[in-house]
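Asker: Heads up: the protein sequence lines correspond to chains A and B, in order.
All letters in the first sequence, in the order written, are residues 1 to 395 by our numbering.
All letters in the second sequence, in the order written, are residues 1 to 186 by our numbering.
In short, the hints are calculated from the structure, not lab data.
Glycine included, each C-beta is placed from N, C-alpha and C at the ideal position.
The calculated lysine-lysine pairs, modelled on DSBU-like cross-linking and capped at a C-alpha distance of 35 Å, are:
no., chain 1, residue 1, chain 2, residue 2
1, B, 120, B, 62
2, A, 262, A, 111
3, B, 166, A, 79
4, A, 129, B, 5
Label-pair distances were calculated between CB atoms; the ranges are:
no., chain 1, residue 1, chain 2, residue 2, range
5, B, 5, A, 219, 14 to 24 Å
6, B, 152, A, 79, 11 to 21 Å
7, A, 375, B, 4, 33 to 43 Å
8, B, 15, A, 119, 36 to 46 Å
9, B, 182, A, 380, 49 to 59 Å
10, B, 135, A, 220, 32 to 42 Å
11, B, 161, A, 105, 41 to 51 Å
Residues from chain A that face chain B, not an exhaustive set, calculated with beta carbons under 8 Å:
no., residue
12, 5
13, 6
14, 7
15, 11
16, 149
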Amino acid sequence: MLEKNILLAMNGADDAFLEETARKLGYISGGRKIKAPASYSRRTSRRFAAMLIAACLLLSLGLVAYAADLFGIRALLIKRDDMSPTRSENGAFVSITQPQEVPEEMSTEIKAKIDNSTKAWAEWDAWRKDNRPSRPEVFLEPEGCDMTDIIENGDGTYAVIFRDAVLTHDDSGEVVDVEYVEMERRTATAEEYEREMEHMLAGSQSYPGYDFNYDVTTAEAAEKLEEIAAKYGLELRRERNAMYQNFGSFTQFNSLEEITAKINEVCAGGKSFFRTEPTGYDKFYYFNEGTFAVSFFTTDDMTNEGTYCYLYNSPYGTLSSGFEIVGEIEDADAMSTYTHATPDGTELTVLHNGADMFAYVYLENSFVTMSFHQLKGLSADEINAIIDMVDFGVI
Amino acid sequence: LEDRKIVELFWRRNETAISHAAAKYGAYCNTIARNILHNACDAEECVNDTYIGAWNSMPDNKPERLSHYLGKMTRWLALNRLDAKRSRKRGGDAPEPLSYDELTDYASADAGTEKTVELKEMCAAINHFLGKLPATERQIFLARYWFAAPVAEISEKFGFTQSKVKSQLMRTRNRLRRYLEEEGLC
Chain A
1 MLEKNILLAM NGADDAFLEE TARKLGYISG GRKIKAPASY SRRTSRRFAA
51 MLIAACLLLS LGLVAYAADL FGIRALLIKR DDMSPTRSEN GAFVSITQPQ
101 EVPEEMSTEI KAKIDNSTKA WAEWDAWRKD NRPSRPEVFL EPEGCDMTDI
151 IENGDGTYAV IFRDAVLTHD DSGEVVDVEY VEMERRTATA EEYEREMEHM
201 LAGSQSYPGY DFNYDVTTAE AAEKLEEIAA KYGLELRRER NAMYQNFGSF
251 TQFNSLEEIT AKINEVCAGG KSFFRTEPTG YDKFYYFNEG TFAVSFFTTD
301 DMTNEGTYCY LYNSPYGTLS SGFEIVGEIE DADAMSTYTH ATPDGTELTV
351 LHNGADMFAY VYLENSFVTM SFHQLKGLSA DEINAIIDMV DFGVI
Chain B
1 LEDRKIVELF WRRNETAISH AAAKYGAYCN TIARNILHNA CDAEECVNDT
51 YIGAWNSMPD NKPERLSHYL GKMTRWLALN RLDAKRSRKR GGDAPEPLSY
101 DELTDYASAD AGTEKTVELK EMCAAINHFL GKLPATERQI FLARYWFAAP
151 VAEISEKFGF TQSKVKSQLM RTRNRLRRYL EEEGLC
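Working from the sequences, and respecting the hints, build out all of it.
Answerer: Rendered as structure tokens:
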């Protein structure tokens, strides 16, 4: 209880302390965000069954959908060396936006669209990395430096103090003390300090008119992003529109009817998006190019203990990293797969391991994922019933 | 949009305040929530709760630094959610979550419940303690226990090995415990 109280009491930490720490972590400066940290080391390797069976072509209500069957988790699995799971050794990260892999049997047309978006993102990503601001030499750490302190001198310059960590061990070899001994001191000008801050905070200044996931920070970057999107014939996510109904127990923002009407208008061309109406919404947000997310409840309990589903529609024709929404699963090896056909004939691949539950489908023009939440887990029948609430034929 | 203008929109009950706050601080709050909850969907829920929390708490509050106001709210909500989840995993009854009223009481200068008063005393002591720490030690401590940043990330950002970060954290924790004992808060 004491530890919890300390953690809670720390919420009142002085803003100045938070500011300096947030800056050091690169999370924020002057009220602007920086991208989420990705400094992880790879800890585990994972095995996955490489079972592929022929994709199933469905023609129903004018809708073309491809079931990935036992292609399973590979469609969602994020393979990056700089992310390691925290939930368990067999954990993994999955994308619930763009597909991470495409079955070989996939229609060449859809495969080409996804490949096109992937190539475009790679080009944008490379440009961003190459165009990050460079660091002033005065701040480059000498070899052996364990810590850098930056102190204002009061005359517009800054003392840059590099320190070496000197460890004291006990008899068993455990570290019992650390002393940071100054190894070198330099002076930085205000301009160099600003450049260093600029470097540290690169990516933190959101340029207006673009989804923050693009990390557009300057007019030059905006121009480049537009150029790449045009080159590959892709749309960009721009203004994000959002509606909220349920915010835990304390309020409602939009009415259920209001959100349903908007969902039908935006996501279903005026038809009914849901075959069975949800009991409520947590949120609905959309971009004008066709990306949208609907988080809906299927139980009267609209708290974290209720059952809800997060559905995300990601058009192939949109420039996307595929990392806009990332989930972490507990045991990738234990994930079992089956397919489920909805009443409109759309066949989804369903993944579940008892703790994590997902479904996805490659539609003709977009990839749709569903992430299910129920603390006690859901049976296959319960998952299927939630999937059947949605009319995929209208997307 | 400047913080002052966003806060003004909140005060005028203009709904665009939320979208402006989300555009400017969404990723920041999301990072805090993700660090604590390790789940993207939960984190997003938590950040959404933060926006409506801001909506409900302004007025009466008029924060000067919206980033920290929202960040603190996100952290509080994330810790609550984590606490409830852990309790359920242990199979026990979920403890009564800290209420939103407690949060707003706590965020404002008004005295609230007994628990709030207790937390405020501890908060003042912790701030005093933090103020006496060397800057880097304070930052590492807050990076881990306020922002819930992984040790690996702190190690990278501060230029230490992970073992050095861990030993530093252990030392600061011990010092804090001794300090709180001296203050009669532990």
